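**Q** Below, each chain spelled out in residue letters.
Number of protein chains: 2
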Amino acid sequence: MTMDERQLEIGRPEIRGDAPAKARGRELFSADIYPDNLVWAGAVRAGIPHGRLLSLDASAALALPGVLRVLTARDIDGPNRHGIIHKDTPVLVDDLVRYSGDAIALVLAESASALRRAITLVRAEIQPLPALFDPDEALAEGAPQLHPDQASNLLLAAEIRTGDAETALGECAAMVEGEFSTPVQAHVFLETENGTARLEADGGISMTVSTQSPFRDRFEVGHALGIPFQRIRITSPSLGGGFGGKDGATVQCLLALAALHSEGRPVRMQWSREENLSAGYRRHGCRMRYRMGALEDGTLHALQCDLIYDTGAYAHLGGEVMELGMEHSGGPYRIPHTLIRGKCVFTNNPVAGAMRAFGVCQVSFAFESMMDLLAEKLAMDPLQLRRKNALVRGDRNCAGMRLDTSTNIAGCLELLEEHPFWHEREEWKRQAPPHTRRGVGLAAIFNAAGYGGKVRDAAIAKVELSPEGEIVVHNGVSDMGQGNSAAFLQMAGQILGQDASSLRLHQPDTLTAYPSGSSSAGRTTYTFGNALIKACQDLKARLINRAGLLLFTDNDDELRLAPGKVIHPPSQREVPLRQLAGFMPREDRVCINQFVAPVCRDVPDTATGFFIGFPHLIFAYAAHLARIQVDLATGLIRVMDYLATTDGGGVINPAMFDQQVHGGVAQGLGYALMEDLVTSQGMVLSDDLGSYLIPGAQDVPEIVSIPCQGDEESGPFGMKGIGEVAMNGPLPAIANALADACGIRVNHAPLTPSKVLAALSGLNE
Amino acid sequence: MTMDERQLEIGRPEIRGDAPAKARGRELFSADIYPDNLVWAGAVRAGIPHGRLLSLDASAALALPGVLRVLTARDIDGPNRHGIIHKDTPVLVDDLVRYSGDAIALVLAESASALRRAITLVRAEIQPLPALFDPDEALAEGAPQLHPDQASNLLLAAEIRTGDAETALGECAAMVEGEFSTPVQAHVFLETENGTARLEADGGISMTVSTQSPFRDRFEVGHALGIPFQRIRITSPSLGGGFGGKDGATVQCLLALAALHSEGRPVRMQWSREENLSAGYRRHGCRMRYRMGALEDGTLHALQCDLIYDTGAYAHLGGEVMELGMEHSGGPYRIPHTLIRGKCVFTNNPVAGAMRAFGVCQVSFAFESMMDLLAEKLAMDPLQLRRKNALVRGDRNCAGMRLDTSTNIAGCLELLEEHPFWHEREEWKRQAPPHTRRGVGLAAIFNAAGYGGKVRDAAIAKVELSPEGEIVVHNGVSDMGQGNSAAFLQMAGQILGQDASSLRLHQPDTLTAYPSGSSSAGRTTYTFGNALIKACQDLKARLINRAGLLLFTDNDDELRLAPGKVIHPPSQREVPLRQLAGFMPREDRVCINQFVAPVCRDVPDTATGFFIGFPHLIFAYAAHLARIQVDLATGLIRVMDYLATTDGGGVINPAMFDQQVHGGVAQGLGYALMEDLVTSQGMVLSDDLGSYLIPGAQDVPEIVSIPCQGDEESGPFGMKGIGEVAMNGPLPAIANALADACGIRVNHAPLTPSKVLAALSGLNE
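If you read the sequences in order, they're chains A and B. Residue numbering for the first sequence follows my numbering, beginning at 536 and increasing consecutively. Residue numbering for the second sequence follows my numbering, beginning at 536 and increasing consecutively.
Just chain A, same shape as in the assembly (with noise of 0.2 Å):
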C-alpha cells in the first residue's frame, strides 16, 4: 500500500487537502474570476462621516469613455437596507449619510481605469450634520440622534447580574481596579472584497462571492433589492482570508444592483486595499472599567465591569459582540458575584462587525491584567492564583451558566506549569542583554464556539458518491483558509475509509449545498463536522449495502470500504467505486445529513437586555505564556518566545491545530503591538499597508503549541473550534509580561513604543 492508496485518518496531521492546489497557484479564488465581456463596478463613497445627501451630478462621469452607468438609490425596487439583525445599512445612502465609506452611487464601466476615473467625477451635493466619534458623547444628553427611528444613540445596553456583586466586593480581602481600552483592528485578508455576478436569463443572479455567508447573503441581496432569495445562487470559493470581515454583505448587494443594471453581461467589484480598510468591516474599539475582588486565600470573589462597544455607524453585529464580550468578562474563572454591565453606542466611526474573537479580545485584555494585579496584590503566584480559581466542569461561570461540555482551563494551565518556559523563567529573565529587560507573562483564556442560544446554529452536510466513483463532499460552510475544508475530507476519509486521491470537495454553492451558516464563531467545523460525520455515516451504510447486494452477500457487516472500493475479506471479492456509481441512480448516491448545535436548555436568569446568542454551552480554553525582551531605550516590546497550551477537545489534525492556534497568535500579537486603525473626524488616516502595520515574519516568534487533549461529546470527534481562542491571549499575555519585565502597565493597547516609553518615563519621574 503505498501512501496515496492510505484512507485518511482522524488524529493524524494529515496534508490538508486544500494545500496542493494552492501550493500550486491553483486555487480559484473569487479574485482571480474574470469572465469575458465584464462590466466593472465600483462604489462612490460619501467621504464625510455625517451628512444629508442632497444631490447627484453624474454627468462628468457618464460623459467618460467607457462609463456604462451610474446608478443610485433611486435605481433600488427594494428597502435598500440590509444588515445581519437589524436592517438600516443602505446599499446606496436615499438621504443620510452616516460614515465616510458610505456608498452614495455605483459606477458601471467598461475597464478599471474608467471605473476609477469616473468615481472621482461624480459629485455629491452633501449637507454636513454634526458627527460624533466618541461613545461617551454619542451617549451624552443632548447629542444629536443618528439614527432618527432609534430611541437613543444606543444600539443595546444589557446586564449580566449573579449573586450580589456590590456587597461581595466590600467582603473582599484584595480588590484592584482599572481602566482598559482596546484598539481598532482590521482583518487585513489577503483578498479584499470582491466578486462577480450575473443576470442570467431566467432572471435570477448568479454571483461568486469571497463571503463568509452565502446562504445568509441570498436574504441580505433579496430583502435589499426586493428579489425572492430562491432566485439569487452565490458560490462561495476558498477566500483569501475573512477573519469575520467577510461574514456579512460587502459587496453582494452592490454587485447584484450592478448585475441587474448589466444587461446579462457579468459584473465584477474588486475592493482596493484602502476601500477595504475605510469601507469594510473592522473590530470594535471598547473601553472597560473592572473591579474585581479575591478573599484572603486568593478565592476569587466579585467582579464588577462596565464594556462599551464602538459599532460605528450602523448595527451589524454590534449588539451580539458586545454580549459576547460581556459572557466573556470575567475571564475562565469561578466568580460567584458578578455585575456586568454592557453598552454598544452609534457613531459616525466605520462600522465595526464581525471579527475573529468577537467582542471577546476586547475584555481578556482587562481581566488577565486584573488577575496579575491581584496577584501582585495577595503576594501569589499569578499562576496559582489562576489554577485555583479555574472552572471545572459543572462550575457557573461568570454569566452564571453550568458548564456541563468539556471545560479544561486547569488542563492548560497544568501544562504551562511544566513547561521549562515557566518554570525557568527567573533565570531566563536574568539573561537579559544590556538596556533590555525581560518579562515573562500569563493569560488564561476562553472563547464560546457557536451561534448561542436563541440563534439556530446547524448545517446541512451532503456528501455524494460521483458517476466517476469518487467521494465528493459538498461543503456549506465557507473555508476562509482556516482549513476546515481540509478537515472535512479528512473526517470523510476517516469515515467512508478514502485517500486523499478518492475524495473531493465542492466549495459552498446555494444551488447544490444546503443552508448551514455562516463560516464563523468557531463553528464551521463542528457543526458542518457533526452533520457530514452522519452523512458519511449514511454514505458508508449505503455503499456497503449497494456492494452487498452487488456481491450477493448475505450479511454485510463483513463488508468493509477502502480506497476506490469496497471489499468482502471473505471471499476477497471486490467491487471499485466506480463500479458502483454506474449502478446507483443519482438519488442513491447522494447523502443528505443535518446537525442541530446543542443550546442551553437551562438558561440561568442573570442577563437582560439580550436579544439573541446567549447563552453558549461550550467553550475552548487556552493558557498563553509570553516572554519579551523590553528595548528600554526605545520602548519597542520584542516577543522572544509564545507558549500556547490549548484545550480544543480531540484533535482532528494536530498540524492544522497548531496552525489555527499559530495565526490565532500571530493575529493576536499585532492586535498587542501595533494594528490601529486610526480616524481622525471619522476619517481612516491609516489606510493602507504603509501605515497600517501588521506583524512581519520578523515580528512572529516561534510559537509551541500544545494541545490540551481532550474530548467534547458533543463534538465531531470530539473536538471543539479553537479559531478564535488564541487571538484572546497575545494582548494580555504581553502586558503582564511588560509588567514583570518593568513594574508598568500600559492599559490603552496596542502596546507602542511610545506608550512603553511613556510608561518607562512616568516611573522615572
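Just so you know, these hints were derived from the structure itself, not from any lab. All of these numbers come straight from a predicted model, not from anything done at the bench. Glycine residues also receive a C-beta, built at the ideal position from the N, C-alpha and C atoms. Check the hints yourself; a few may be wrong.
To be verified - Sample of chain A residues at the chain B side, in silico, Cβ under 7 Å:
1) K989
2) N1080
3) F1087
4) D1089
5) N1090
6) D1091
7) R1095
8) D1123
9) V1125
10) I1127
11) V1131
12) V1134
13) T1169
Claimed, not checked - Below, computed lysine-lysine pairings styled on BS3-like, alpha-carbon distance capped at 25 Å:
14) A:K1100 with A:K1075
15) B:K989 with B:K964
16) A:K989 with B:K1100
17) B:K964 with B:K622
18) A:K1075 with B:K1075
19) A:K912 with A:K923
20) B:K1075 with A:K989
21) A:K964 with A:K912
22) B:K622 with A:K1075
23) A:K1100 with B:K989
Fit chain B to the known structure of chain A by using the hints.
**A** Relative to the frame of chain A, chain B by itself:
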C-alpha cells in the same frame, strides 16, 4: 380533529390504504392495462410430457388474417434459459420437451381471437420419449434421465442429523410411524399470469407484469434473452393474488421476446385459467415416511423421516422448498435426536414452485398427525403433549438451530387451551346431529420467515416528500393483496405523524424504487418495513430540520410532525409540508435507507447437501383448532368452527393480521379437503375451476383469530411475517379432528368424502 386528520397508528385496525381504490374498482392491476395499438402474444404449448422437438410449421398460423409473427427458439439471441437457482427452463423449447406445458412457439397477433386460433394452427413434430410421473420411478435404476446435464433425476438430496436418531428411537417408551402424502395444489389467484411490454426507442424494454419479484425478473429476462438487465424496466402494480405462483418468470421472458419483435408496439400476454392451471407453477406433491418416539413422560426423544418432493420438469425452487420442509419436519418441538432425509426429484409433471408455506404444509400434516398418534399411544392429552414439548427461546429446533429470536408456540397453545372450543369440546361433540360424528383436532405449527442463510434478504426503501407536500412511499416489494403496502402506509403514518390523506404509495417500479427482493417467505413487511422505518425516520428528522430552518428555531426537539405540516407548539407556528416541499430541492425530498435481515451467525453443522437458505432465524408460530362434523353417509367433512392463535410478534394492524390468518386458513381448508391438481400421464385433468375445486363461502366457517401478542426484537414495530403459518394448520387439525370424531386416519390428503368413506368402511369391515 376529524377522523381524516388523525395520523395513522401502529397497532390500530386502520382501514387498509389499498382498500378504497380496490373497493371502488379504481385500482389498476396489470391485467387492466390495455395500451392502444397493442399486439397480442400467446404461447403454443407442447401438449406431450416428454419428447424431442423436431420441427415446427407455422405456415397455417401465419396464413391466418391478423397473425403477425410466430417466434421460435431460433428467434432468441440469448441462452434461452431462465430459472431462479438453476437456469434450466427454456423460454421456448429448442430441443427437449419436458412437460406438457412447455412453450414451443410464441404467436403474435392483432387480436385475441386471431391469437387463439393461430395457436391451434402451429404444427409441431415432437418425437415422444419415455416419461416419468412418479418420483420413485424417476429415482429407479435405469430410469430415463430428464436433464442430460444432471447426474440423475435427483435435483437435490439433503440430510439433517442431530444427535443419534437411530439409537434414540430404540430408547423410546412410545414410538409411532406413518406414511403420508399431500396433493398438488394450485395458487388460483384471481388475476392469472399476465403483462404488457414495449420496446422503447432507446432499445430498452419496459414491462408491466403481475409479478412477485420485479427486480429479479430483470435478471431472468436479461439472462434468457441476452439483454443487460439495466435496460429492462419492470413495474409491478397491485397483484390480484400471487401466493408464490408469480415468484419467478411466467410471462416475463415471452413478453420481452414478443416486444423485441413488435416494432415498438405494446404487447400483451394474458394466460387463461386453463393455461394457468396447466402451465403455471403449483405446489410440490410430497410423500413422507415418519417415525417419531417419546420417553415415558411424553418428552419427545427422536424423529426419523424421509421426504420426497416432486419438482416436476424443472428445478425452479424445488430444492429450497424441500429444504424448508426438512427444516420444519420436526414441528415446533424440542426433539434431541433427528434424522431427516429429503429428496427432490425431476419428473415429467408440470413444474412445481413457490407457494404459501413453501414445503412446510406438507410436513405439518405429518408431524402433527404423529403428535396425536403419540398422545394416543402415551394416553396423554394431545394438547398437553404439545405444551410439554413446545420450543422456547434458547432451545434448538429439529435442525439443531438455537432459537435466539421470539419463540412463543407455548403462548399460542395456552390461548387455545383457555378457549371454550377446547375445554367445552366434549359437550360440543355430544351434540352431534344424527348420522354425524363430531371431532376436535389440534395443530401446533410454525413457519420460518425470510430467505434463510446464504441468501441476501435485504430491502431498500425510499420515501419522498412530493412537490405537493404528500408523503410518497416507493414500495420495493410487490403487494399480492396481503396488505404489505397498507402496512407500509401505516408505518409511514406512525413515524411521520401523517393521516391517510397525506400519504401515497407507489407500487414497485424498477426505475424509481430499489431492489428489495421478492414478495415471498413472509418477509415483505419485515424486511422492507425495517428499511422503511429507517427511511421514514430520516425523512422525519429532515422535515423537522428544514422546518426549523424556516422557523429559525434553535432547538428542533420542539418541532413535531402533524398531518400535512410541521408544528412548533411553543410558538404556535407551523409550516405546511407543501410549503416545505417548495423550499427543498428534489434530492433533499428523498430519503433512502436499507435493511439486511440478520442471518444465523452460529450455523450448526447438522445439515449436509443443503445449497442455500439454511438455517432460518425467525419463525412465526400458531396453534390451530378445528371443530368438524363428519357426515357418516357421505363422508363429507364439514368444518364447523376454526380457531387460530398466532405468534406473529407485534401486530401492526389487528384487522390485517386477522385477514392474513383468515386467508391462510381458508387456503389450508382447500388443501385439506378438496384441492388436487390431478394429472394423468403428465396432462392436467383439472384444468378449470369446474374440476379444480377451491373452498367457497359455504365451505369456510367463521375463523376466530387471536394474536398471541409479543415482540420480535428485530422486526419493524416488533412484527414478524405471518402470511404463511396459517396455511399449515387446517390439514393436520382436520385430520386429527377426523380421528377424534371417527377413529380413522386418512394419511393421504386431501381428505375427500370418498377417502373418508373408504376409511369408515375399512373401520366397519
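**Q** For the pair supplied as a hint, K964 (chain A) and K912 (chain A), confirm whether the alpha-carbon distance does not exceed 25 Å.
**A** 22 Å, holds
**Q** Starting from K622 (chain B), check that the Cα of K1075 (chain A) is at most 25 Å away, please.
**A** 34 Å, violated
**Q** Against chain B, with CB atoms and a cut of 7 Å, does the hint on V1131 (chain A) hold up?
**A** Hint holds; V1131 (chain A) Cβ to chain B Cβ min 5 Å, cut 7 Å.
**Q** Once the shortest beta carbon distance from F1087 (chain A) to chain B is found, is it less than 7 Å?
**A** 5 Å, holds
**Q** Just to be careful, I want the Cα atoms of K1075 (chain A) and K1075 (chain B) compared with a cutoff of 25 Å; is the pair within it?
**A** The given pair, whose Cα atoms are some 21 Å apart, holds under the 25 Å limit.
**Q** Can D1091 (chain A) be said to touch chain B, with a Cβ gap under 7 Å?
**A** OK, holds: D1091 (chain A) within 7 Å of chain B, min 5 Å.
**Q** Minimum Cβ distance from N1090 (chain A) to chain B below 7 Å?
**A** Hint holds; N1090 (chain A) Cβ to chain B Cβ min 6 Å, cut 7 Å.
**Q** Would the hint on D1089 (chain A) be counted as holding, given a Cβ-Cβ threshold of 7 Å to chain B?
**A** Holds. Min distance 5 Å.
**Q** Measure nothing beyond the straight line between the CA atoms of K1075 (chain B) and K989 (chain A); if it is 25 Å or shorter, mark the hint as holding.
**A** 23 Å, holds
**Q** Given the hinted pair K964 (chain B) and K622 (chain B), is their alpha-carbon gap at most 25 Å?
**A** Judged against 25 Å, a Cα distance of about 54 Å means the pair is violated.
**Q** Does N1080 (chain A) pass the interface check with chain B, least Cβ-Cβ distance below 7 Å?
**A** 4 Å, holds
**Q** What's the verdict on K989 (chain B) and K964 (chain B), does the C-alpha distance respect the 25 Å limit or exceed it?
**A** 49 Å, violated
Checked against the numbered hints above, the structure breaks hints 7, 13, 15, 17 and 22 and satisfies the rest.
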